[in-house]
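Peer 1: Sequence:
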Amino acid sequence: MTASLSLMQVMLRLTLLQACWDPARMQAGGLAFALDPWLKRCWRGDPEGLRSARLRQLAHFNTHPYAAWLVAGALCTLEAEAAAASGAMREAVLRRGEDLRVKTACSLAALYDSFFWGALLPASAAVGAAIFFAASKAELSYSAVAGGGAALLLYNVPALVARWWGFRRGLERGEKAALEIARLPAQSWIVGFRRIAAGAAIASLGVVAYN
Numbered sequence: 009m010t011a012s013l014s015l016m017q018v019m020l021r022l023t024l025l026q027a028c029w030d031p032a033r034m035q036a037g038g039l040a041f042a043l044d045p046w047l048k049r050c051w052r053g054d055p056e057g058l059r060s061a062r063l064r065q066l067a068h069f070n071t072h073p074y075a076a077w078l079v080a081g082a083l084c085t086l087e088a089e090a091a092a093a094s095g096a097m098r099e100a101v102l103r104r105g106e107d108l109r110v111k112t113a114c115s116l117a118a119l120y121d122s123f124f125w126g127a128l129l130p131a132s133a134a135v136g137a138a139i140f141f142a143a144s145k146a147e148l149s150y151s152a153v154a155g156g157g158a159a160l161l162l163y164n165v166p167a168l169v170a171r172w173w174g175f176r177r178g179l180e181r182g183e184k185a186a187l188e189i190a191r192l193p194a195q196s197w198i199v200g201f202r203r204i205a206a207g208a209a210i211a212s213l214g215v216v217a218y219n
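Going by this note's numbering, the residue at position 59 of the sequence shown is 67; the numbering climbs one at a time, nothing skipped.
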């Protein structure tokens with residue numbers, strides 16, 4: 009199996025990350041399932057190394073589901089580095105992976121929660137509602153489809169791009185990709201989308217109240 013095919017399997021499996029959620033290990037089961045094709049490639053010929061890698065990924069893990077894609081990409085890179093190293097160098101790489109899983113993943117969760125669920129989701133819903141009410145007021149057909157479709161597109165297009173971009177960036181930059189995310193003007197984006205949500209909500213009320 010080629011590296012590209014293994015990575016494609018990882019990305020497809022990441023869509024099921026939350027399906028294996030449990031209170032004790034949170035998303036660890038889903039992450040381990042997603043990374044397994046890559047782990048088998050990295051540690052082929054080393055059964056004990058593969059067993060240890062699988063156990064590492066089953067340790068407690070929890071972050072925003074979209075941030076998990078960046079973490080998974082970086083972990084793929086680190087597991088490949090660890091498999092190619094030995095002794096103290098391998099241990100150092102594995103410690104970096106553990107820091108990524110625990111500390112960095114938690115930091116990313118706070119940022120992604122604020123942006124996607126605290127700003128983009130309300131903005132998308134408010135804009136969709138405004139379009140629905142405006143279309144209904146104008147007595148246009150399929151007003152619900154227009155409003156719902158707009159809301160879904162406004163939220164899911166950035167969400168899908170963030171997942172794909174995060175995974176690719178994690179592969180290319182390892183744990184440094186998380187630092188690059190932290191440098192983005194996310195707080196400005198959050199404020200902007202919250203203003204859009206407020207404006208769209210006010211517009212919806214205006215359309216409903218207008219006779």
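Hints listed in this document are in silico derivations from the structure and should not be mistaken for laboratory results.
Each hint should be verified, as a subset may be incorrect.
Unchecked claim - So the derived label-pair ranges between C-beta atoms look like this:
no., residue 1, residue 2, range
1, Ala206, Ser60, 25 to 35 Å
2, Leu148, Trp29, 36 to 46 Å
3, Ala194, Met19, 22 to 32 Å
4, Glu147, Glu180, 18 to 28 Å
5, Glu99, Ala32, 40 to 50 Å
Stated by the list, open to error - Pairs of lysine-lysine, BS3-like flavour, derived with a Cα cap of 27 Å:
no., residue 1, residue 2
6, Lys48, Lys145
7, Lys184, Lys111
8, Lys145, Lys184
Quick reminder that beta carbons are idealized off the backbone N, C-alpha and C, glycines included.
Peer 1: Look at each hint and say if it fits the structure.
Peer 2: Comparing the hints with the structure gives:
1. Ala206 / Ser60: 25 to 35 Å: 51 Å, violated
2. Leu148 / Trp29: 36 to 46 Å: Because 41 Å falls inside the window, the suggested range holds.
3. Ala194 / Met19: 22 to 32 Å: Given a distance of about 23 Å, which is inside 22 to 32 Å, the answer is holds.
4. Glu147 / Glu180: 18 to 28 Å: At roughly 51 Å between Cβ atoms, Glu180 and Glu147 fall outside 18 to 28 Å, so the hint is violated.
5. Glu99 / Ala32: 40 to 50 Å: 26 Å, violated
6. Lys48 / Lys145: 58 Å, violated
7. Lys184 / Lys111: 13 Å, holds
8. Lys145 / Lys184: Violated, at about 50 Å.
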